[in-house]
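Visitor: Spelled out from the first residue to the last, the chains are:
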Amino acid sequence: MEYTIFIVLLPMLMFLFLGLAGNKLKPITAGILGCTSLAAVTVLSYATAWQYFTMPRTAGGAYGATTVFNVQWLHFTESLHIDLGILLDPISVMMLVVISTVSFMVHIYSLGYMHGEKGFQRYYAFLSLFTMSMLGLVVATNIFQMYLFWELVGVSSYLLIGFYYQRPASVSASKKAFIVTRFADLGFLIGILIFGYYEGTFDFASVGAGTGFAGVDIMGAGRVMLPLALGLMFIGGAGKSAMFPLHIWLPDAMEGPTPVSALIHAATMVVAGVYLVARMFPLFIVYAPNVLHIVAYVGVFTAFFAASIACVQTDIKRVLAFSTISQIAFMMVAVGVCTPDGIGTEAFNEAGGLGFMASMFHLFTHAMFKACLFLCAGAIIHTIGSNEMTLMGGLRKYMPITHIAFLICCLSISGIFPLSGFFSKDEILSACFHFSPAIGWMMTLIAGMTAFYMFRLYYGIFWGKEAQHEHTPHEAPATMTVPLIILSTITVFAGFIPFGHFVSADGTAFTSHIEMSTAVISLTVAVVSIAIATFMYRKDKQPLADALEKDCKGLHTAAYHRFYIDEIYQFVTHRIIFGCISRPIAWFDRNVVDGFFNFLAWSTQECSWSIQGFQSGRVQQYTYVFLVGALAIIVFALML
Amino acid sequence: MGIALHQIVFFVAAILIIVCSILTVTTKHLLRSATYLLIVLFSTAMLYFLLDYTFLGAAQIIVYAGGIVVLYVFSIFLTRSNKSLYAFADKGKLASAAVAAIAGGVILLMCILSHSFALQVAPTADNEVTMDIIGQALTGTGKYQYLLPFEAVSILLLACIVGGIVIARKK
Amino acid sequence: MEYYLIVSTVMLIAGIYGFLVRKNLLAMLISIELVLNATDINFAAFNRFLYPDHLEGHFFTLFGIAIAAAETAVAIAIIINIYRNMRSIETKDIEDMKH
Chain A
1 MEYTIFIVLL PMLMFLFLGL AGNKLKPITA GILGCTSLAA VTVLSYATAW QYFTMPRTAG
61 GAYGATTVFN VQWLHFTESL HIDLGILLDP ISVMMLVVIS TVSFMVHIYS LGYMHGEKGF
121 QRYYAFLSLF TMSMLGLVVA TNIFQMYLFW ELVGVSSYLL IGFYYQRPAS VSASKKAFIV
181 TRFADLGFLI GILIFGYYEG TFDFASVGAG TGFAGVDIMG AGRVMLPLAL GLMFIGGAGK
241 SAMFPLHIWL PDAMEGPTPV SALIHAATMV VAGVYLVARM FPLFIVYAPN VLHIVAYVGV
301 FTAFFAASIA CVQTDIKRVL AFSTISQIAF MMVAVGVCTP DGIGTEAFNE AGGLGFMASM
361 FHLFTHAMFK ACLFLCAGAI IHTIGSNEMT LMGGLRKYMP ITHIAFLICC LSISGIFPLS
421 GFFSKDEILS ACFHFSPAIG WMMTLIAGMT AFYMFRLYYG IFWGKEAQHE HTPHEAPATM
481 TVPLIILSTI TVFAGFIPFG HFVSADGTAF TSHIEMSTAV ISLTVAVVSI AIATFMYRKD
541 KQPLADALEK DCKGLHTAAY HRFYIDEIYQ FVTHRIIFGC ISRPIAWFDR NVVDGFFNFL
601 AWSTQECSWS IQGFQSGRVQ QYTYVFLVGA LAIIVFALML
Chain B
1 MGIALHQIVF FVAAILIIVC SILTVTTKHL LRSATYLLIV LFSTAMLYFL LDYTFLGAAQ
61 IIVYAGGIVV LYVFSIFLTR SNKSLYAFAD KGKLASAAVA AIAGGVILLM CILSHSFALQ
121 VAPTADNEVT MDIIGQALTG TGKYQYLLPF EAVSILLLAC IVGGIVIARK K
Chain C
1 MEYYLIVSTV MLIAGIYGFL VRKNLLAMLI SIELVLNATD INFAAFNRFL YPDHLEGHFF
61 TLFGIAIAAA ETAVAIAIII NIYRNMRSIE TKDIEDMKH
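Residue numbers (the working numbering), protein chains in the order written: chain A, 1 to 640; chain B, 1 to 171; chain C, 1 to 99.
Worth flagging that the hints you see were computed from the coordinates, not collected in a lab.
Take these hints with a grain of salt, some might be off.
To be verified - Reference listing, derived: stretches of chain C covered by chain B, where coverage requires no fewer than 3 residues with Cβ under 8 Å from a Cβ of chain B: (1) 10-22; (2) 66-75; (3) 82-89.
Said to hold, decoys possible - Selected chain A positions facing chain B (Cβ under 7 Å, derived; list incomplete): (4) L627; (5) V628; (6) L631; (7) I634.
From a predicted model like this one, the values you see are computed outputs, not experimental measurements.
The beta-carbon is built from N, C-alpha and C at its ideal position, and this holds for glycine as well.
Construct all of the structure, not just a fragment, from the sequences and the given hints.
Guide: As structure tokens, then:
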């Protein structure tokens with residue numbers, strides 16, 4: 001399986017090549033090169049997946065974690081060292097497939113979307129950088145390597161969000177994204193350090209990831225420090241995955257080009273937090289199940305929060321961004337409601353550990369349909385020239401392929417049988433109901449809201465009154481529609497993959513059954529929400545929507561302004577942190593610290609000014625000094 | 001008279017020197033200063049004669065009193081200007097210079113007077129240095145003979161003549 | 001002999017005081033002459049009273065007179081030059097140093 005190194009190496013080489021020599025290439029050459037390398041990476045990932053999942057299982061019936069490479073990089077003690085390597089286990093192989101597929105689709109799509117843009121080669125270089133970082137993240141053998149690639153992913157996101165660097169909005173959005181995620185990564189780093197200190201190692205192999213809890217080993221004082229470390233690591237994951245209150249960067253990150261939003265902020269980077277929790281799952285479930293439940297509660301709140309904001313946004317990319325936040329919160333909830341009952345037995349995977357499989361399954365399907373939704377939005381923006389829903393309407397006549405793809409993905413995200421979204425969401429709801437009925441009903445309600453706002457968006461774009469356009473909207477070129485078709489096809493059929501065979505909480509295979517009660521409830525809720533949305537938004541005039549908006553003006557405005565969380569952040573940072581902490585410290589630095597050195601310089605200068613008089617050029621003064629000095633010496637000589 | 005002529009002449013010369021040297025440095029007028037210098041130099045020559053150094057006294061009168069003072073007078077006339085307001089430095093400098101000078105003088109006098117010199121000859125003995133001795137000493141190359149310094153001084157004087165011409169010539 | 005030394009000391013003090021105090025260059029030179037003259041008296045007195053058989057002091061004085069003459073000549077040449085360039089020979093007008 002040594003060829004797996006090329007999965008990470010190829011995009012890195014492509015980044016270096018395009019970054020250094022891209023200016024000399026024609027744009028189309030750079031694009032073709034990028035797509036070719038991604039095609040190779042995709043093929044290699046599929047080959048890896050095929051080879052991995054057809055390998056014989058280990059004795060416990062689980063897929064073994066294979067370490068393909070492991071190179072020691074930094075050596076601290078005998079057992080504590082930072083390595084770089086490739087670890088293959090069910091979730092990392094699944095992520096390889098997801099990342100390479102979506103990235104490949106985005107590369108092809110960008111050939112059409114970014115056509116004619118200045119900086120085309122730079123764009124492809126950054127895309128390759130991102131792909132390399134994300135791939136490196138998921139195959140990390142130890143948590144420090146994951147942290148390294150985590151930061152690299154953050155950097156790529158910064159570079160890509162700020163791609164249109166001449167726009168101040170893009171610049172501030174990229175800064176915001178980087179700073180918020182970096183701030184969360186502080187928690188991540190502290191968690192890693194505590195973990196490393198008490199565990200004595202950074203490796204995943206020793207925490208039994210992928211070995212069905214066989215290798216879980218606690219060496220140090222694990223009772224309090226390990227949950228603390230895991231909680232801090234979750235904070236880092238919450239920053240990257242846009243959980244409340246660190247979600248503020250994701251809507252602003254929509255300033256970047258739409259394919260970037262599709263790749264990074266829908267399908268891959270934002271799931272890094274979920275992936276982290278999944279990676280540490282064996283430790284979580286055995287030693288810190290309460291932290292896991294905290295994860296679930298944060299997820300529930302975030303999901304509800306984001307869904308309610310998404311219901312009133314008019315910018316289509318922002319609706320999709322909040323939808324992403326909400327769906328990732330779903331995944332966090334799914335993994336958070338796992339309980340350790342029945343661990344080690346057959347029934348674990350269907351009971352306490354169901355959420356793990358559900359979360360990963362939803363990650364897979366969500367990546368596909370959310371990327372497709374974003375790419376459709378990109379096609380619409382490409383032809384309309386703006387993100388606002390008020391400038392769209394009735395586009396189904398002009399963009400048939402986009403229309404159908406968008407519709408399929410909306411149905412999938414709403415959880416309609418037999419699309420993939422139904423299956424994954426159903427598993428999540430089953431897991432939630434198993435944990436606590438309250439959370440189960442809450443998530444069902446949020447699923448209903450999801451269906452509602454997605455169809456509000458759908459009707460707002462493709463139905464309703466047509467707006468005035470300078471030129472008639474046209475369908476996107478082939479390079480843009482082919483990825484849409486491919487992704488929507490995957491969405492249709494992915495639900496039928498027996499995911500439990502491949503990915504499960506302890507690694508053994510199980511077949512997940514669809515609980516009829518949950519399925520019926522979720523389907524009903526989805527259909528009712530779609531019906532409400534259709535009733536409210538299908539026609540040209542929307543009397544009910546406008547009346548609601550007038551009645552609940554305060555709530556509407558608050559939700560439109562994202563519940564003023566950004567303003568709170570601004571207030572805290574500017575008034576409190578800058579005003580009360582930074583400014584005094586800056587004053588101290590300028591006046592006291594610098595002032596001290598200025599004083600040294602000033603006093604030296606003053607001294608030299610004052611002894612300037614010795615070189616006056618007046619001979620009589622020299623003689624006088626000479627005389628007095630000679631007399632003094634004579635007197636001393638006489639005294640002694 | 002209990003006091004010899006020798007001593008009277010000495011006292012006269014000494015009084016002249018003291019008074020006139022103080023006047024030299026405290027007078028405002030430059031020409032008067034040069035005049036007092038002349039009197040000081042003549043009195044010094046008198047002192048040399050008292051010490052039986054006749055040639056030295058003669059040389060003093062010829063070179064110092066005759067040549068140098070004339071030179072000073074001429075240059076005073078050459079560089080006369082109307083701009084000079086006051087001949088002395090400000091009061092503060094004046095006071096500090098006076099103090100320093102007088103202090104130095106006191107110290108020197110204390111040193112001199114407290115030291116017992118081993119006098120070899122009584123002050124009134126007659127021991128003239130003749131031209132013969134001087135001539136031989138100046139042109140000889142023996143241990144106590146001064147041919148080399150003589151020649152060196154003549155070269156020095158040549159250099160000064162040339163230098164003076166070069167410095168002061170008109171461009 | 002001490003009387004000779006007292007006389008020369010007074011002349012020396014007067015010369016030093018004059019050098020420090022006077023503003024005219026020529027007056028400073030005159031004061032220098034006083035100083036030189038004082039040292040000449042000193043040499044002559046010491047030679048006469050302490051070493052009557054030797055003539056070192058005598059010749060030192062002789063050469064001192066010659067050198068004083070030479071130095072005065074050159075100094076006055078310089079002062080004439082200064083007067084030509086700056087029309088004044090006050091010390092306050094020649095205080096500017098090169099830098």
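Visitor: None of the hints should be skipped; say for each whether it holds.
Guide: Hints versus structure:
Against chain B, the region 10-22 of chain C contributes 12 residues with a C-beta closer than 8 Å to a partner C-beta. That satisfies the three-residue criterion, and the hint holds. A stretch counts as covered by a chain when three or more of its residues have a beta carbon under 8 Å from one of that chain; for the region 66-75 of chain C and chain B the count is 9, and the coverage holds. Given as covered by chain B, the region 82-89 of chain C passes the check, having 4 residues with a CB less than 8 Å from a CB of that chain where 3 are the minimum. Below 7 Å, beta-carbon pairs count as interface contacts, and L627/A has one with chain B at about 6 Å; its hint therefore holds.
For V628/A, the shortest C-beta to C-beta distance to chain B is roughly 6 Å, which falls under 7 Å, so the interface hint holds. Taking 7 Å as the C-beta cut-off, the interface hint given for L631/A holds, the closest approach to chain B being about 5 Å. Contact between I634/A and chain B, as hinted, is supported at the beta carbon level, the nearest pair being about 6 Å apart and thus within 7 Å.
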